[in-house]
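Enquirer: Below are the chains, spelled out letter by letter.
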Amino acid sequence: MLEIKGLSKSFGGIRAVSDCTLELRDYTIAGLIGPNGSGKTTLFNLITGSLPLDRGEIYFEGKRIDGRLPHEVAWEGIIRTFQLTRIFPKMTVLENMLLAPPHQTGENFWSLWFKRRRIRNEEKEHLEKALELIDRVGLSHLKNQFAENLSYGQQKLLELVRVVMAEPKIILLDEPTAGINPSMIRRMMELILKIKMSGKVFFIIEHNMDVIIELCDWVFVLDNGEKIAEGKPKEIQNNPRVIEAYLGV
Amino acid sequence: MDLFLHLCVMIFIYIIFAMSLNLEVGYTGLFNFGHVAFFGIGAYTSALLTLQRVPFELSLLIALAMAGLWGFFISIPSLKLRGDYFGIVTLGFGEIIRMVFQNEVWLTKGPMGLPGIPKPVLFTYQFGTLPQYLLLTFGFAAITFLILRIILRSPFGRVLKAIREDEVAAETLGKNVFFFRIKSFVIGSLFAGLAGTLWGHYTTFISPGDFTLLETILVLLIVVLGGKGTQWGPVLGAFVLIFFQESLRFLRLPAEWTRYLAPLQQMIFGGLLIVLMIFRPEGLLKEKGRVSNAGN
Amino acid sequence: MDFLFQSILNGILAGCIYALFAMGLTLIYGVLNFVNFAHGELIMWGAYFLYFLMGKPFRLPLPIALIPALLLTIILGIGMDRFVFKPLRTANRLTLLIAALGLSFLLRNGAQLLWGAELRTYGFEIKRGLRILGISITLNQVAIILTSIFCIVFVYLLFHRSRLGKSMRAVSDNLELARVVGIDSKHTIQFAWVIASVLAGVGGILLALDTNLQPGMGLINLVKAFAATLLGGVGNIWGALLGGIIIGLAENLGVLVISPGYKDAIAFGIMVLLLLIRPSVLLGRLE
Chain X
0 MLEIKGLSKS
10 FGGIRAVSDC
20 TLELRDYTIA
30 GLIGPNGSGK
40 TTLFNLITGS
50 LPLDRGEIYF
60 EGKRIDGRLP
70 HEVAWEGIIR
80 TFQLTRIFPK
90 MTVLENMLLA
100 PPHQTGENFW
110 SLWFKRRRIR
120 NEEKEHLEKA
130 LELIDRVGLS
140 HLKNQFAENL
150 SYGQQKLLEL
160 VRVVMAEPKI
170 ILLDEPTAGI
180 NPSMIRRMME
190 LILKIKMSGK
200 VFFIIEHNMD
210 VIIELCDWVF
220 VLDNGEKIAE
230 GKPKEIQNNP
240 RVIEAYLGV
Chain L
0 MDLFLHLCVM
10 IFIYIIFAMS
20 LNLEVGYTGL
30 FNFGHVAFFG
40 IGAYTSALLT
50 LQRVPFELSL
60 LIALAMAGLW
70 GFFISIPSLK
80 LRGDYFGIVT
90 LGFGEIIRMV
100 FQNEVWLTKG
110 PMGLPGIPKP
120 VLFTYQFGTL
130 PQYLLLTFGF
140 AAITFLILRI
150 ILRSPFGRVL
160 KAIREDEVAA
170 ETLGKNVFFF
180 RIKSFVIGSL
190 FAGLAGTLWG
200 HYTTFISPGD
210 FTLLETILVL
220 LIVVLGGKGT
230 QWGPVLGAFV
240 LIFFQESLRF
250 LRLPAEWTRY
260 LAPLQQMIFG
270 GLLIVLMIFR
280 PEGLLKEKGR
290 VSNAGN
Chain E
0 MDFLFQSILN
10 GILAGCIYAL
20 FAMGLTLIYG
30 VLNFVNFAHG
40 ELIMWGAYFL
50 YFLMGKPFRL
60 PLPIALIPAL
70 LLTIILGIGM
80 DRFVFKPLRT
90 ANRLTLLIAA
100 LGLSFLLRNG
110 AQLLWGAELR
120 TYGFEIKRGL
130 RILGISITLN
140 QVAIILTSIF
150 CIVFVYLLFH
160 RSRLGKSMRA
170 VSDNLELARV
180 VGIDSKHTIQ
190 FAWVIASVLA
200 GVGGILLALD
210 TNLQPGMGLI
220 NLVKAFAATL
230 LGGVGNIWGA
240 LLGGIIIGLA
250 ENLGVLVISP
260 GYKDAIAFGI
270 MVLLLLIRPS
280 VLLGRLE
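Chains as they are written, first to last, in numbering that gives the first Met the number 0: chain X, 0 to 248; chain L, 0 to 295; chain E, 0 to 286.
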């Protein structure tokens with residue numbers, strides 16, 4: 000589904016990502032791990048087009064997507080979250096959700112005047128879906144609150160269900176459990192599994208090995224921008240090269 | 000009574016002007032500090048055309064088109080820049096337009112200005128007297144308010160807010176941030192041109208000195224005082240500030256004082272902006288969230 | 000031909016002054032991460048402070064009045080930071096910029112209140128200058144070039160070779176981290192304002208020496224300073240010099256072909272051109 004070939008990116012003299020090649024198949028939750036600074040978030044940024052790459056190719060469902068602008072990559076169905084949540088602070092939880100669906104008729108300036116009924120219907124549909132999703136994560140009582148008033152854990156949940164609203168084919172999660180308490184982590188994991196069941200593919204950056212082991216079918220390991228290993232979580236755990244990467248800082 | 004009518008006309012004109020800036024600054028988060036340029040383009044275009052006996056209906060449309068078009072031209076290169084850089088470019092553009100008004104004497108009569116701008120005639124009805132002009136400006140202000148209301152309460156408006164809040168997040172959710180910003184800027188410029196047109200036909204005499212940084216500061220103050228990012232904020236701000244400004248004009252002061260009055264008043268505006276930003280940046284009316292954006 | 004060389008000289012002269020403006024602007028940008036919209040007024044007030052001290056009742060000669068004028072400019076710069084920018088250190092960018100714009104408007108009209116809107120000069124007669132290689136250059140202009148070069152070299156050494164310079168760069172890079180490491184950010188910031196104010200003041204005085212003073216001179220020079228910064232690369236000291244000179248030359252050579260009324264617009268035009276062809280700061284890209 001997602002194929003990366005020989006991806007490289009440098010900043011100044013530093014190689015953030017170095018000749019990286021990997022492939023994600025359908026119906027997977029894939030993990031991306033590695034010590035700090037190994038290039039994981041940079042890899043995500045390259046995939047989504049937020050950063051231009053130096054060398055390499057990225058294919059999604061057979062189509063080449065490197066060099067495309069971020070919003071075009073999103074249209075292909077690749078949606079991401081961020082390490083530090085990027086919810087829209089001075090918009091309500093509901094507004095955050097309603098923004099996400101792609102290609103809304105109401106976002107076209109001319110349609111505002113000539114396609115009012117269609118817009119109304121779309122809004123109603125999206126509203127129903129949004130309310131249901133918010134309810135599933137227990138944020139219903141906060142639906143009209145500005146997102147900035149939510150706790151950090153709640154914001155992370157919001158960011159995730161907002162992604163679902165964006166009708167993604169593959170979801171890139173950047174450290175979804177960082178900075179939240181254990182019970183919230185559990186909720187997050189359950190949510191991810193539930194979303195997976197509706198056919199979405201996940202690519203997750205994580206530092207929390209428990210989460211990786213429990214969720215992921217396949218794991219890629221980066222160190223210093225290079226892919227040094229890939230395999231099932233248990234295999235990776237015992238891989239000496241991986242252990243060395245984490246310990247030998 | 001005349002003073003009251005005059006105040007209302009000015010207030011309605013500035014409501015339009017402020018709402019247009021609010022769309023850009025308050026809703027989309029664009030740091031447009033040269034908004035006066037489009038006010039001026041609207042005023043000069045309509046004035047020049049009607050002075051050539053072009054019917055007002057047509058000259059108004061052309062003035063709007065010019066303002067919108069120039070908004071488009073200046074936004075394409077400038078919106079490649081980050082916020083504060085964009086601010087300087089728009090600030091510069093405001094100054095440049097004023098220079099154009101001043102230097103292209105063959106077109107604008109330069110510093111001498113354009114006198115005798117005719118009163119507008121819409122479909123054979125002439126808005127010659129003060130009450131009639133009040134009707135005209137009120138009508139346009141109401142139309143502008145309604146149009147912008149539809150825009151702002153729609154999914155389109157929602158995207159603008161999202162861009163203001165976090166453009167990276169908006170982009171990664173599939174919104175073409177660049178295009179939305181351009182659209183917002185063009186719409187804002189268009190309505191600024193409308194305000195300028197109405198103003199020019201009201202004062203019947205315009206000159207380059209009418210379109211300076213002072214105008215930008217004034218309209219910016221109106222927007223932030225009233226409450227940016229709200230629909231009624233610019234309305235409230237316009238009432239407060241135009242009332243203040245125009246009342247000062249009618250104060251009877253000894254002649255020696257008048258040369259100090261203008262800079263003093265403008266210092267107050269500048270100081271007010273500073274104080275407002277430090278102590279109450281949201282302004283008088285605070286932003287509220289929306290439940291749904293299905294339109295009216 | 001002589002005329003061309005004369006224009007080139009004038010261009011380099013103006014360019015040096017613009018370089019000073021750009022350096023001051025970029026210094027504050029570097030340390031505090033925002034474009035000081037009131038920087039033009041710092042320039043303008045620097046020039047007016049000197050005018051003030053040279054006039055009644057002080058009537059100080061220029062060399063004596065220079066230092067107090069710069070001191071006053073420094074006080075203004077530090078005051079700006081203390082009363083307007085410091086309370087807004089954590090505010091969002093738009094709020095900060097609107098406040099800066101308001102400040103610039105306040106200062107501009109303050110000058111107009113005190114000195115009126117008319118053009119003023121320092122009152123030096125145009126002395127006949129030296130003739131070198133067919134172009135004339137006055138003592139004033141020699142002073143301008145020498146002073147500018149001195150300032151530029153000084154700032155470069157300060158920024159790149161001294162400890163203070165290192166702390167300024169650290170603060171600009173990461174304020175929190177700099178504090179943690181023990182760099183006194185408060186004093187570093189103040190020092191940055193001192194330097195920026197001196198650069199602005201010197202630049203303003205030199206400009207006023209070469210041309211004239213009026214309250215509106217701040218705004219257009221802010222735009223030029225910014226254009227120079229953009230040309231040379233934000234945060235780059237030599238870039239500021241290069242950018243300034245390019246703009247100075249473009250202005251003085253440009254008026255040979257276009258109407259002098261648009262001289263001030265040339266810097267703006269260059270900036271727009273640059274933006275159209277340089278794809279660097281793209282939207283949505285994190286770089």
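Simulated from the structure, these hints should not be mistaken for lab results. Remember, predicted model here, so these are calculated numbers, not experimental data. Where a beta carbon is used, it is the ideal one built from N, C-alpha and C, also for glycine. Be a bit skeptical, because a hint or two may be false.
What the hints assert, rightly or not - Simulated coverage check for chain L against chain E, where a stretch passes if three residues somewhere in it have a Cβ under 8 Å from a Cβ of chain E:
| hint | stretch |
| --- | --- |
| 1 | 88-98 |
| 2 | 265-272 |
As the list claims (entries may be wrong) - So these bits of chain L aren't anywhere near chain E, every CB distance computed over 10 Å:
| hint | residue |
| --- | --- |
| 3 | Met0 |
| 4 | Val24 |
| 5 | Met111 |
| 6 | Ile142 |
| 7 | Ala261 |
| 8 | Leu275 |
| 9 | Ile277 |
| 10 | Leu283 |
Claimed, not checked - List of simulated lysine-lysine pairs, BS3-like, C-alpha gap at most 27 Å:
| hint | chain 1 | residue 1 | chain 2 | residue 2 |
| --- | --- | --- | --- | --- |
| 11 | X | Lys168 | X | Lys199 |
| 12 | X | Lys89 | L | Lys287 |
| 13 | L | Lys285 | X | Lys89 |
| 14 | E | Lys85 | L | Lys285 |
| 15 | X | Lys89 | X | Lys62 |
| 16 | X | Lys89 | E | Lys85 |
| 17 | X | Lys142 | L | Lys108 |
| 18 | X | Lys128 | X | Lys231 |
| 19 | X | Lys62 | X | Lys4 |
| 20 | E | Lys262 | L | Lys108 |
| 21 | L | Lys79 | X | Lys89 |
| 22 | L | Lys79 | E | Lys262 |
| 23 | X | Lys123 | L | Lys287 |
| 24 | L | Lys287 | X | Lys128 |
| 25 | X | Lys4 | X | Lys123 |
| 26 | L | Lys79 | X | Lys142 |
Enquirer: Determine for every hint whether it applies to the structure shown.
Expert: Each hint, compared with the structure:
1. 88-98: holds (count 7)
2. 265-272: Three-residue rule met by the stretch 265-272 of chain L, so holds; n is 7.
3. Met0: holds, 33 Å
4. Val24: violated, 7 Å
5. Met111: holds, 14 Å
6. Ile142: Since the minimum Cβ distance to chain E is about 28 Å, Ile142 of chain L lies beyond 10 Å and the statement holds.
7. Ala261: violated, 8 Å
8. Leu275: violated, 8 Å
9. Ile277: Ile277 of chain L is in fact no farther than 10 Å from some Cβ atom of chain E, at 5 Å.
10. Leu283: Answer for Leu283 of chain L: holds, closest chain E Cβ roughly 15 Å.
11. X:Lys168 / X:Lys199: holds, 6 Å
12. X:Lys89 / L:Lys287: holds, 8 Å
13. L:Lys285 / X:Lys89: OK: Lys285 of chain L and Lys89 of chain X at ~11 Å, within 27 Å.
14. E:Lys85 / L:Lys285: holds, 24 Å
15. X:Lys89 / X:Lys62: violated, 37 Å
16. X:Lys89 / E:Lys85: Judged against 27 Å, a Cα distance of about 24 Å means the pair holds.
17. X:Lys142 / L:Lys108: violated, 58 Å
18. X:Lys128 / X:Lys231: At roughly 35 Å apart (the allowed maximum being 27 Å), Lys231 of chain X and Lys128 of chain X break the hint.
19. X:Lys62 / X:Lys4: holds, 13 Å
20. E:Lys262 / L:Lys108: Within the cut-off at roughly 19 Å; holds.
21. L:Lys79 / X:Lys89: holds, 24 Å
22. L:Lys79 / E:Lys262: holds, 25 Å
23. X:Lys123 / L:Lys287: Answer holds: Lys123 of chain X to Lys287 of chain L is near 21 Å, not above 27 Å.
24. L:Lys287 / X:Lys128: holds, 23 Å
25. X:Lys4 / X:Lys123: violated, 42 Å
26. L:Lys79 / X:Lys142: Distance ~35 Å between Lys79 of chain L and Lys142 of chain X Cα, so the pair is violated.
Consistency with the previously given hints fails for numbers 4, 7, 8, 9, 15, 17, 18, 25, 26, ordered from lowest to highest.
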